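A.B. asks: Listed below, chain by chain, are the residues.
There are 2 protein chains.
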Amino acid sequence: MGEKYEQLVNRLADVQNLQHTAAILEWDQQTQMPPGGAEARAAQLATVTRLGHELFVADETAQLLDAAAAETEGADYDSNEASLVRVVRQDYDEQVKLPSALVAKIAQVTALSHEKWAKARENNDFKAFLPALQEVIDLQIQAAEYLGYSDHPYDALLGQYERGMTTAQVKSIFEGHRSQLVDLIAAISKNRDRVSDAVLHQPFDLEKQKEFALYTVKEFGFDFERGRQDVAVHPFCTSFSRDDVRITTRFYPDFLNPALFGMMHEAGHGLYEQGSGAALEGTMLSGGTSLAVHESQSRMWENIVGRSKGFWSWALPQLKTVFPQLEGADLDSFYAAINKVEPSFIRVEADEATYNLHIMLRFEMEVDMIGGKIDLARLPQEWNERFESYLGIVPPNDALGVLQDVHWSLGLVGYFATYALGNLLSVQYYNQALKDHPSIPDEIASGKFDTLLTWLNQNIHQYGRKFTSAELTQRVTGEAIQSNDYIQYLQQKFGAIYGL
Amino acid sequence: MGEKYEQLVNRLADVQNLQHTAAILEWDQQTQMPPGGAEARAAQLATVTRLGHELFVADETAQLLDAAAAETEGADYDSNEASLVRVVRQDYDEQVKLPSALVAKIAQVTALSHEKWAKARENNDFKAFLPALQEVIDLQIQAAEYLGYSDHPYDALLGQYERGMTTAQVKSIFEGHRSQLVDLIAAISKNRDRVSDAVLHQPFDLEKQKEFALYTVKEFGFDFERGRQDVAVHPFCTSFSRDDVRITTRFYPDFLNPALFGMMHEAGHGLYEQGSGAALEGTMLSGGTSLAVHESQSRMWENIVGRSKGFWSWALPQLKTVFPQLEGADLDSFYAAINKVEPSFIRVEADEATYNLHIMLRFEMEVDMIGGKIDLARLPQEWNERFESYLGIVPPNDALGVLQDVHWSLGLVGYFATYALGNLLSVQYYNQALKDHPSIPDEIASGKFDTLLTWLNQNIHQYGRKFTSAELTQRVTGEAIQSNDYIQYLQQKFGAIYGL
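Protein sequences appear in the order of chains W and R. Just so we're aligned: the first sequence equals residues 0 to 499 in numbering that gives the first Met the number 0. Just so we're aligned: the second sequence equals residues 0 to 499 in numbering that gives the first Met the number 0.
If you're looking for bench data, these hints aren't it; they were derived computationally from the structure. Keep in mind that the hints are not guaranteed to be accurate.
[To be verified] Capping the alpha-carbon separation at 25 Å, the derived lysine-lysine pairs in DSS-like fashion look like this:
| # | chain 1 | residue 1 | chain 2 | residue 2 |
| --- | --- | --- | --- | --- |
| 1 | R | Lys209 | R | Lys308 |
| 2 | R | Lys3 | W | Lys104 |
| 3 | R | Lys104 | W | Lys3 |
| 4 | W | Lys339 | W | Lys319 |
| 5 | R | Lys372 | R | Lys126 |
| 6 | R | Lys319 | R | Lys447 |
| 7 | R | Lys96 | R | Lys3 |
| 8 | R | Lys339 | R | Lys372 |
| 9 | W | Lys170 | W | Lys372 |
| 10 | W | Lys189 | W | Lys308 |
| 11 | R | Lys96 | W | Lys209 |
| 12 | W | Lys207 | R | Lys3 |
| 13 | W | Lys207 | R | Lys372 |
| 14 | W | Lys217 | W | Lys319 |
| 15 | R | Lys217 | R | Lys447 |
| 16 | R | Lys209 | R | Lys447 |
| 17 | W | Lys447 | W | Lys217 |
| 18 | W | Lys209 | R | Lys308 |
[Stated by the list, open to error] Anything over 10 Å on all C-beta distances counts as not near chain W; from chain R, calculated:
| # | residue |
| --- | --- |
| 19 | His19 |
| 20 | Asp27 |
| 21 | Ala45 |
| 22 | Asp124 |
| 23 | Tyr251 |
| 24 | Ser332 |
| 25 | Arg385 |
| 26 | Gly446 |
| 27 | Glu470 |
| 28 | Gln487 |
Values in this document were obtained by computation on a predicted structure and should not be read as measured data. Each residue gets a CB set at the ideal place from its N, CA and C atoms; glycine is no exception.
Chain W extracted, bound-state conformation (with noise of 0.2 Å):
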């Protein structure tokens, strides 16, 4: 290593522990923190953003980049030094247009409208959020012109977590498999009654669903001893370094599927940063590349894995030894229930068909918010009207609604589309895995879980950011992100599920 980019290493490593410092700031707001800390915690969120910012688009570090790419010049594209200099000085054309007062203030809005965006969620109103939501909608809109765009604003947004993705792109690939999504669901819709998860509607004693949740992670392997778990109002994962992840849980009294599925998508994301590879630690390359590659781990854990019938021709018999009211159950049927289609309310609840649905409809409306395209005091309509055009059906109120996500109040905005965009990489990334290993399924069903670990460590998770999605993508499957393969494995699996 040359001396220039030992000093960047340095420079860097600041950076980042600054990030992380502002990541466990929020966790222990979202899981910790009694109501009165709020105002403080906004403050220190500022303070900890700012600075780690300033630091970073200070002069110096471009003249770092620019000392370490000439002393790295011939280095392996592969290299992390080579990587190094090439993701950072992306995050650092990216982050040198945002005046970090601007950062601060966002960091500080949205703290405090977390707090607001909670209770109106609890209390079912949204005018209460609506001054708090406007807000960070405004900031948003300053970002994105600070950011700079050549289509849409919304790029601007969309690019800090998928870079290089474009609005245009997604609704490409949105509108290429809506309609393939409509008719599998207008299809299930006429053989509903094949299906019921009344089981999973009973009363079920919470503690007993968190140690089978645990247990059924730490069989993935997710590491307590380099993590651990806590409830969230809005479940999420977040880490510090590969060695400190943190993944969050809801558990409701008398529903099985949050405590279970929410677990396994929670931890789906904590493997991927647990398995960073260990020379990137403490180097801005750890942690995962992008947000719809980190979702197709939460995903691929959650669904391909945790909703398949060979998972719980293992997992069943052990459950009905901890819920005996589960006794009457059969595999065919339990399977049927956990992968029930029907258009709800809740997004993180939705089953696999109807999922995307969900997204496209945020993604849209965000895209007319950042636009300016829609009045936000009009938002509970707006919602409420394109939903019941896309999945049918109306929300009660806005709790089950508009209010329903924690995303706005945090300012990610420009992040729902890699929810989707996470589903249709779980089923190209798994494919590939099936082609290089075809006995996952079988040990799956025999519940062994480590050639498909150890597959998802060495092709996704070890290189932590130094390929961009795209990038990853290709290398790992040989093409491009494509809704086919996602759209193929729901057909096949809710074609044998509702006899289609």
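Given the coordinates of chain W, work out where chain R should sit on it, guided by the hints.
C.D. replies: Then chain R, alone, in the frame of chain W:
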């Protein structure tokens, strides 16, 4: 407010946000963090601490202090403005002597040595902790040299926790009441059969312990909308705002005291933090003024209130409904049990009569360690020899001896003396409260604590760091710190219990 004063306040707000952020990282490390997170946490703490220190000791702070001093000239000594400039100038003059690199190094080393201490204590393995301890003490000796002193290097470390207090003063205060303590303990020991604490050593359901202990401190006035309680190996209180105060407790399945009196103790600290003046929030005047004053609050609630017969005349009937196994305990015997005097190994569970001897031992050892008069490899032997000479017993292992306290692992050298000073102040302050409100004992006996809490809020808490410990004590009691009141309190209380 003048322009420069306002600039100073804004700059200091960033410094304090970073200090509070470091406190959050430490709280998380001690209560939530998975073991794997230690390395990264050390790096995060080093960055946050170093940046906070750099920001604070920069020339700009000194210039703003000078300019703000000019702007606030003539302001009342007690005013927020004059106090801020005065107190922060003292902070600055102290902190500017320490290189930021040393501050960062201490933060990093202690984050790691804390983990090593926790493991060493668990495994009763002093040798495993020795290299880390050596590094911590070497850094403290360096810090003392940078800070400077006129008499003993220990003065420099002590002054960080108790501004203006010297090693010689502490020695004099300790020597002024040691023989009285020893005499009292000797007299008690002749009547030791009068008191049994067997009733406290029984199986007690952990959840119920927690619930009852939380109930008592809620009744004291600790506000859980502005605070929370967690489990920690070594209980402590920390705060990130007057509205976000965190206390921790440890519970034993077969001993009631740590839950009851540990919770009251930390809540006493917490009440001080929650009572810090609202107008001081977000400034460097917020929080407690010194560790001795802090300890006066925790010891007052734990001992003067929590171990009083009046309190238990109200609380015991309620405790009996939670724990029917206490049915047979009458007030007098229960009161005697919780006040049983007996030389024991663990400081935090020591009775009021022997407690200060535990401190004197540590103080003298620290003075020798910083003075380079102890080979740290011999620390266990040193501890045990001195322990025997002070308390007449020898710890059977190092976990019950030299490894019991968290402080050295965290680099908190110079801190212990404040515990004993806090005991003295607790009685001095309480006696003054009694003069102002003779009804307080009767109120406590009927479960009313607001007269006392309001008195503490008005006379001590609200001032935050405006006045030094010495100034505050003079203002509140009209005299300096002294041991007469404490000795008199002990003699009366234990004279009655032990029939002396």
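A.B. asks: Are the hints correct? Go through all of them and say.
C.D. replies: We went through each hint and held it up to the structure:
{"no.": "1", "hint": "R:Lys209 <-> R:Lys308", "verdict": "holds, 22 Å"}
{"no.": "2", "hint": "R:Lys3 <-> W:Lys104", "verdict": "holds, 23 Å"}
{"no.": "3", "hint": "R:Lys104 <-> W:Lys3", "verdict": "holds, 23 Å"}
{"no.": "4", "hint": "W:Lys339 <-> W:Lys319", "verdict": "holds, 20 Å"}
{"no.": "5", "hint": "R:Lys372 <-> R:Lys126", "verdict": "holds, 19 Å"}
{"no.": "6", "hint": "R:Lys319 <-> R:Lys447", "verdict": "holds, 20 Å"}
{"no.": "7", "hint": "R:Lys96 <-> R:Lys3", "verdict": "holds, 24 Å"}
{"no.": "8", "hint": "R:Lys339 <-> R:Lys372", "verdict": "violated, 36 Å"}
{"no.": "9", "hint": "W:Lys170 <-> W:Lys372", "verdict": "holds, 17 Å"}
{"no.": "10", "hint": "W:Lys189 <-> W:Lys308", "verdict": "holds, 23 Å"}
{"no.": "11", "hint": "R:Lys96 <-> W:Lys209", "verdict": "violated, 51 Å"}
{"no.": "12", "hint": "W:Lys207 <-> R:Lys3", "verdict": "violated, 59 Å"}
{"no.": "13", "hint": "W:Lys207 <-> R:Lys372", "verdict": "violated, 56 Å"}
{"no.": "14", "hint": "W:Lys217 <-> W:Lys319", "verdict": "holds, 19 Å"}
{"no.": "15", "hint": "R:Lys217 <-> R:Lys447", "verdict": "holds, 11 Å"}
{"no.": "16", "hint": "R:Lys209 <-> R:Lys447", "verdict": "holds, 21 Å"}
{"no.": "17", "hint": "W:Lys447 <-> W:Lys217", "verdict": "holds, 12 Å"}
{"no.": "18", "hint": "W:Lys209 <-> R:Lys308", "verdict": "violated, 43 Å"}
{"no.": "19", "hint": "His19", "verdict": "violated, 6 Å"}
{"no.": "20", "hint": "Asp27", "verdict": "violated, 6 Å"}
{"no.": "21", "hint": "Ala45", "verdict": "violated, 8 Å"}
{"no.": "22", "hint": "Asp124", "verdict": "holds, 20 Å"}
{"no.": "23", "hint": "Tyr251", "verdict": "holds, 23 Å"}
{"no.": "24", "hint": "Ser332", "verdict": "holds, 38 Å"}
{"no.": "25", "hint": "Arg385", "verdict": "holds, 38 Å"}
{"no.": "26", "hint": "Gly446", "verdict": "holds, 24 Å"}
{"no.": "27", "hint": "Glu470", "verdict": "holds, 27 Å"}
{"no.": "28", "hint": "Gln487", "verdict": "holds, 39 Å"}
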